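Sequences and hints are given; from them, build the entire structure.
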Amino acid sequence: MRGTWPAVAFFAAAALGPIVVRDAFLLDGLILILLWGASAAAWNVAGGYAGQLSLGHAAFFGLGAYSAALLGTRWGVSPWIGLLVGAGLATAFGFILGFLSNRLRGPYFGLATIAFSQVLLIVASRWRGFTSGSEGIPVPFRPGLWTLGMADKRVWVYLVLLLAALLYLVQLYLERSRRGYQLAAVREDEDAALSLGVPARRLKVAAIAVSAALTAVCGTLWAQYVGFVDPFYVFSVDLSVRFCLAAILGGIGTPLGPFLGAALITILETSLRARFGGIGAGLVGIYLIIYGVVLIVTMRFAPQGLLSWFGEHLRRRPLLGTAP
Amino acid sequence: MHVIPQLLASTILLGGVYALIAVGLTLIFGVMRVVNFAHGEFLMLGMYLAFWAFTLLGLDPYVTLVLGLPLIFGGGWLSYRLVMRPVIHASHNVQVFTTVGLSIALQALALVLWSADSQFVRTSYYAVVVRFGGMALNLAQIAAFVVAVLFTAALFAFMRWSYTGKVMRATAQDRHAASLMGIDTGRVFALTWAVGITCVGAAGVLLAPIYPVYPSVGLQFVLIAYVAVVLGGLGDMVGALIASLVVAFVEVVGSYVIGTAWKEVLYLLLFIAILVIRPAGLFGQRGAEVIGT
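Here the protein sequences line up with chains E and Z, keeping their order.
Each step along the first sequence adds one to the number in my numbering, with nothing skipped, and position 13 is 13.
Each step along the second sequence adds one to the number in my numbering, with nothing skipped, and position 289 is 1289.
Worth flagging that the hints you see were computed from the coordinates, not collected in a lab.
Hints are supplied without guarantee of correctness; some may be wrong.
Coverage of chain E stretches by chain Z, computed from C-beta distances (three or more under 8 Å per stretch; other residues unrestricted) [what the hints assert, rightly or not]:
id, region
1, 114–122
2, 227–233
3, 237–243
4, 289–297
Simulated DEER-style distance windows between Cβ atoms [claimed, not checked]:
id, chain 1, residue 1, chain 2, residue 2, range
5, Z, Ser1118, E, Glu188, 54 to 62 Å
6, E, Val226, Z, Ile1277, 36 to 44 Å
7, Z, Thr1260, E, Gly88, 56 to 64 Å
8, Z, Phe1120, E, Asp28, 33 to 41 Å
9, E, Ser271, Z, Gln1220, 31 to 39 Å
10, Z, Asp1174, E, Leu196, 29 to 37 Å
11, E, Asp28, Z, His1002, 53 to 61 Å
12, E, Glu188, Z, Val1063, 29 to 37 Å
13, E, Phe141, Z, Pro1005, 56 to 64 Å
Quick partial rundown of chain Z residues pointing at chain E, CB under 8 Å, derived from the structure [said to hold, decoys possible]:
id, residue
14, Val1094
15, Gly1101
16, Leu1102
17, Leu1111
18, Val1128
19, Ala1153
20, Ala1157
Quick caveat, the model's predicted, so the values are computed rather than measured.
Glycine included, each C-beta is placed from N, C-alpha and C at the ideal position.
So this is what it looks like as structure tokens:
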């Protein structure tokens, strides 16, 4: 599982999707898989490669979603500009969080990130005059690529595929470059890395800031695609956990893992929703129970994620004729 | 003006209940070195226990508290056996995400069982107000405070004087030395977890007559407990007690000065400020958070 061919196959399959399939439901699923995969990959830059396990990345996602939605509805600014503004804000907040990460390790950092996303949730849901408070913001549909109003889902597939591919490349860079090796050294043993002259603190802060900006980009596109921003969703702890869960399930600190995890989760979620959605809203909780149990079981049996779990179990089986 | 005594009384009443939540959290961290991200969900389950006992069996929450304690303890023990024991020697990150998974599963379970609507335990005395020296205090809040203080005092006495409590403290200080001395640390962890859960579950039952209950209710209380526990120094039970009062004071005065809508921002900012300025807590040793053990 070392090479990039599984990723090439994954992205090629996604690119072929809109050509083969016309069904809006399936295309919607594909868009969500790629978007959640990209969000999880953005989390992975901080959580997997830098080892800074954030439980508040929804803060950045929400910043991206709100920046574009507010600029668009209040001043008619293009969501592309909103995307840049959101990414800029997220970078600034990412630096703050990065500064915190230099002082806090392990569970303390996780707690700080939760508090951070909760502050933004309260501001977004209570500042009625500016953010419309808890009612949320509907994103108006204005046709055209410049306003991100595409009725054709196939255009959306290629747009988020581009984003997903970008995130894969960012992770591949962290996997193979000198910076990436240094970051891995910091993650495994910060003091040892420092003594070897690795600029540990700067690398960590940079990784968190980049991760924040990319998460905000995902948030912008998500909000423009779905067409509605709800503060209690985009800033929720549940959403933060969703990013971690996808990355951990697929394989934390691997470039393809987040996408694999996101695909599994999204397929599970949409199929369970389709099955139980009609009967009663309460049964929607069932997929969340499965979510939680999947996370516990993954931590128990495959804490390195499914990719490496499969890798290990496949490798252990001797190839025909080579085993002694 | 009776504002100041009223604010102080509210602070103490609120702080007492927060302390019971925070003490369980800090106990689990101190002995097991696990931050329990599912702590709030056990509070929520305690509240729903009181709700069910009240609507289905017509039991008063205070009766439920006495009858339900073994049930909560047993539930805590079970959750340790099923979920925590397999990862007790795993890395921090694995433990964090295991408790996060437990939190999601329990919240979703409540969503399925009781729906997302707010439920109320409307006791006949829920609106009774006690007037005392110019202060007006809710009876249920006074009762919750008294029971929470008794509970916390019992836990402190247990930790201080009982043999089991000493064994737990020994394990907290040095788990390897403790196991070399013949202490069965596995059983200590199970007991610690169950006791911590019992504290927070009991707090949930006590809060049921005061606050509405819904599946994600745990988060708002557990955030307060996180603030208190970090402020007091993770694992420091006395610190958590004092810090709970500090947090309650910030909340009560904040609600009075700037209104209830923004009070959460105050203690969350307080939290971030503590983490930046003095992450080891008010009484903790400097540097403890960096070692992260």
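Which hints from the list above does the structure break, by number from lowest to highest? Of the numbered hints, 2, 5, 7, 12, 18, 19, 20 do not hold.
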